[in-house]
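Visitor: Each chain is listed here by its residues.
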Amino acid sequence: MIRAPQTVLALLLLATLAAGPCRSEELKDLYFGEALFFAHQGLYFEALERLDTEVKQHNRVDEPELDKLYSHMADADFSLGDFELRYRMHHRAGRAISAVLEADVDDVVRNDAAYRLARIHFQKNQLAEAVEALDRIEGEIPESLRDDVDFLRANVYLGEERPGDAIALLEALQDSPEFGAFASYNLGIAYLQSGQRQAALNQLDIAGKISGDDPGELAIRDKSNLVAGTIHLEAEEFALAIPYLNRVRLDGPYSNQALLSAGWANMSIGNAERAVVPWSILAEREVTDRAAQEAMLALPYAYGKLDVHGRAAVYYGRALDAFGAEIDKLNTSVDSIRDGKFLEALVREEIRKDKDWVIRLRSLPEAPETYYLMDLMASHDFQTGLQNYLDLADLRRKLVAWQRGFDSYDEMVELRHDHYEPLLPDVDAEFRELDSRMRLRLAQHKTLVKRRDDLLTTPRPEFLATPEERATIELLEQLQAQAGDDATTLQRIKRLQGVLIFHLRTEYHARFTEFDANLRKLDEAMAIVQSQHEQYVRVRQAVTHSYAGYDQPINRLRVNAANAINEIDLLMARQGRVLEKVAIEELTARRSQLEKFGDNARFALADSYDRATQAQAKAEAP
Amino acid sequence: MSKRIRTALLALATVLLAGTAVSQDLTGENMQSLDGQVQEIKSDVLDISSELRNLEERLLYPSGTQLSIFVAVGEQEDFRLDAVKIEIDGELATHHIYSFNELEALQKGGVQNAYTGNVVTGAHELRVTVIGKTDGGEDFSQSGTFSFSKDIKPKTLGITLSEPGLGDDSIRVGDW
Numbered sequence: 001m002i003r004a005p006q007t008v009l010a011l012l013l014l015a016t017l018a019a020g021p022c023r024s025e026e027l028k029d030l031y032f033g034e035a036l037f038f039a040h041q042g043l044y045f046e047a048l049e050r051l052d053t054e055v056k057q058h059n060r061v062d063e064p065e066l067d068k069l070y071s072h073m074a075d076a077d078f079s080l081g082d083f084e085l086r087y088r089m090h091h092r093a094g095r096a097i098s099a100v101l102e103a104d105v106d107d108v109v110r111n112d113a114a115y116r117l118a119r120i121h122f123q124k125n126q127l128a129e130a131v132e133a134l135d136r137i138e139g140e141i142p143e144s145l146r147d148d149v150d151f152l153r154a155n156v157y158l159g160e161e162r163p164g165d166a167i168a169l170l171e172a173l174q175d176s177p178e179f180g181a182f183a184s185y186n187l188g189i190a191y192l193q194s195g196q197r198q199a200a201l202n203q204l205d206i207a208g209k210i211s212g213d214d215p216g217e218l219a220i221r222d223k224s225n226l227v228a229g230t231i232h233l234e235a236e237e238f239a240l241a242i243p244y245l246n247r248v249r250l251d252g253p254y255s256n257q258a259l260l261s262a263g264w265a266n267m268s269i270g271n272a273e274r275a276v277v278p279w280s281i282l283a284e285r286e287v288t289d290r291a292a293q294e295a296m297l298a299l300p301y302a303y304g305k306l307d308v309h310g311r312a313a314v315y316y317g318r319a320l321d322a323f324g325a326e327i328d329k330l331n332t333s334v335d336s337i338r339d340g341k342f343l344e345a346l347v348r349e350e351i352r353k354d355k356d357w358v359i360r361l362r363s364l365p366e367a368p369e370t371y372y373l374m375d376l377m378a379s380h381d382f383q384t385g386l387q388n389y390l391d392l393a394d395l396r397r398k399l400v401a402w403q404r405g406f407d408s409y410d411e412m413v414e415l416r417h418d419h420y421e422p423l424l425p426d427v428d429a430e431f432r433e434l435d436s437r438m439r440l441r442l443a444q445h446k447t448l449v450k451r452r453d454d455l456l457t458t459p460r461p462e463f464l465a466t467p468e469e470r471a472t473i474e475l476l477e478q479l480q481a482q483a484g485d486d487a488t489t490l491q492r493i494k495r496l497q498g499v500l501i502f503h504l505r506t507e508y509h510a511r512f513t514e515f516d517a518n519l520r521k522l523d524e525a526m527a528i529v530q531s532q533h534e535q536y537v538r539v540r541q542a543v544t545h546s547y548a549g550y551d552q553p554i555n556r557l558r559v560n561a562a563n564a565i566n567e568i569d570l571l572m573a574r575q576g577r578v579l580e581k582v583a584i585e586e587l588t589a590r591r592s593q594l595e596k597f598g599d600n601a602r603f604a605l606a607d608s609y610d611r612a613t614q615a616q617a618k619a620e621a622p
Numbered sequence: 001m002s003k004r005i006r007t008a009l010l011a012l013a014t015v016l017l018a019g020t021a022v023s024q025d026l027t028g029e030n031m032q033s034l035d036g037q038v039q040e041i042k043s044d045v046l047d048i049s050s051e052l053r054n055l056e057e058r059l060l061y062p063s064g065t066q067l068s069i070f071v072a073v074g075e076q077e078d079f080r081l082d083a084v085k086i087e088i089d090g091e092l093a094t095h096h097i098y099s100f101n102e103l104e105a106l107q108k109g110g111v112q113n114a115y116t117g118n119v120v121t122g123a124h125e126l127r128v129t130v131i132g133k134t135d136g137g138e139d140f141s142q143s144g145t146f147s148f149s150k151d152i153k154p155k156t157l158g159i160t161l162s163e164p165g166l167g168d169d170s171i172r173v174g175d176w
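Respectively, the protein sequence lines represent chains L and W. Residue numbers for the first sequence follow the numbering used here, beginning at 1 and rising by one. Residue numbers for the second sequence follow the numbering used here, beginning at 1 and rising by one.
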């Protein structure tokens, strides 16, 4: 049984993962918006850092429903998991999304989370866990997610070699606007996996005729035709293979393989003349391509079959020269990798700004090895290792830049300390004096307010006497004590006291109104004093906060950053060694293949010369 | 069929259906352990970054004087934003020229933190100048002057931009 092409399935999944975070309906939290701003640019480290900090702050507030992030929390939790996934932090992404699954949320949110979790597991090839996550989907599934769920489930079933289950789902997806072409191809693979060869061929035939101009759909159409052709080739049904192989576009990603197979199919039915056509095209293509290299050997073989031994000898000679040059290039590449130039080229930032940076690597004169590593570099496992290496290099760059900042912060804190420390004792002394005066006035103000409030309930006219009146009352009291039993004097004193009481009582309301008005003016003045006092206290605190208490956090950050750099250096060395080793293995394997091709070409060249000589002798014989 | 052809076909089928053979170094436990460690160090560096940001904010932009200005693009806006200039009390605060990626991120709902700085408490004037191209391809330059008040709490202003001449004010500023 032929295995389902996992590479294609992985590519399809990546295509579905590429959809970005959606525009929030009504953005209330700017910092969430800022995280989205970075995420939409593919800057997931920055996006994660912003959102993670914001979510942590939200979780710390006493009344979260008053926080601006509150209405975005479901989105924010998803986005965190999403950003972590895109930043290849699957462990954290899984945890974040699992947390949403465990929370008390409605069907739509839970199903979305379950789907995302299943995608993570599928990407990590944890198929049983992916099924488990998908099985948690129940109740209402949003229309926009329905096809995604079914397509993912079908792919998981294919990965688990459960083609029967996958077929049912894929059949229903044939008309899906988003997945139709991919589902059509995958259905063919599912039939193949289930042993239904004819059904698989019929389905691949349908997938191989899909119309459209989307590059992804065109590629899947080519792939369907190539696989159908290959199935016929394997069964030695060479004539049946040819129409499928001929359908593959000449400028598509599968054209080299299709041209090579088309040549062999024609050759196998004894039609060497027809084999020459695709092989001639292919032999002129990029010389590092496996299929092109094989065609350089196959083309003269076809000419030999056509008894054109002279031309065959010429092409064998060309192939031999080309293989020799390529072997030299491969040797140079292996040496270059051993010198560390491969990794140096990979981390060059200006190259990675281009989305096709892997392709652009080929144009780097100092990285010849990349010519032969395109297939390897496109593989999922190598990509994971490579991305990890690049992420580590990025993190290292960030940490080194931050380290430069620590010294500046230290200096800033020191300058502030040296500026403020000599000034503060005098300022504080002056403030203490002003503060005690202000406190006295505050106490007086408080007493007056209390007196006014008391007078409102219990009128006390004597309280509103003027200083002169107060002095007169006291004088009259003294005279009264001195008067003894002198009735005339006592009467005069009483009369004067009566006049005073009369004034105090009859003018009481007017005096109280004036007292109240004056007190209100004093309230305003006291409020200004109070506000200035508070402002001073805040500024005074800010001064201390501007230089005190930073030593510990800066030192902690300095140590943590240094430790992280050491750790990253170790990881980069280990990851780099793995990448270099794998790249060298790949180049060595290609070199061995070229050496074998070279041996074959050498023998065939000699044979062609012999045959050409014999043919010439035969022709010249009388 | 010759032995050579059979061998070649077999090789082709293997390449075609299984993809590039990947070294065990890339799939083994060693690689998984490395991947796990890379994820851990990413988490550590994110924590460092978050703590550093916090420290920078306290050190450089104390809450009493902190002013942050964010820029967003209105929904359904397809105009091309080339640059935004922000002046506070007549002094240039920031002048940003937008890349294609940044513009796309704004159009998808992202919000840019265009400026963070310090201003004293009290009344201030904000002047925003926007340069771009309308959806119809015409160059435009729009300015708007706004007043805002800074109190003892950190101040956050949001600038929302729309294509000029479509009804609403093309530059809107609000507290956020």
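Treat the hints with caution; some may be incorrect.
[Said to hold, decoys possible] Pairwise CB distance ranges, derived in the manner of DEER restraints:
hint	chain 1	residue 1	chain 2	residue 2	range
1	L	Val-61	W	His-124	51 to 61 angstroms
2	W	Asp-169	L	Thr-457	18 to 28 angstroms
3	W	Ser-50	L	Gln-198	19 to 29 angstroms
4	L	Asp-135	W	Glu-40	27 to 37 angstroms
5	L	Pro-177	W	Lys-153	47 to 57 angstroms
6	L	Asp-62	W	Ser-50	15 to 25 angstroms
Note that these hints are calculated values from the structure, not bench results. Note that the structure is predicted; figures quoted are calculated from it, not measured. Where is the CB? At the ideal position from N, CA and C, for every residue including glycine.
Visitor: All hints are to be evaluated individually against the structure, with a verdict given for each.
Guide: To see whether the hints hold, each was checked on the structure:
1. A hinted range of 51 to 61 angstroms for the beta carbons of Val-61(L) and His-124(W) is inconsistent with their spacing of about 28 angstroms.
2. The hinted range of 18 to 28 angstroms is not satisfied by Asp-169(W) and Thr-457(L), whose Cβ atoms lie roughly 56 angstroms apart.
3. Evaluation of the 19 to 29 angstroms hint for Ser-50(W) and Gln-198(L) yields a failure: the beta carbon distance comes to about 59 angstroms.
4. Look at Asp-135(L) against Glu-40(W): about 30 angstroms separates their beta carbons, and that is inside 27 to 37 angstroms.
5. Look at Pro-177(L) against Lys-153(W): about 50 angstroms separates their beta carbons, and that is inside 47 to 57 angstroms.
6. The hint said 15 to 25 angstroms for the Cβ distance between Asp-62(L) and Ser-50(W), and at roughly 21 angstroms that hint holds.
Hint compliance for this structure: hints 1, 2 and 3 are broken, all remaining hints hold.
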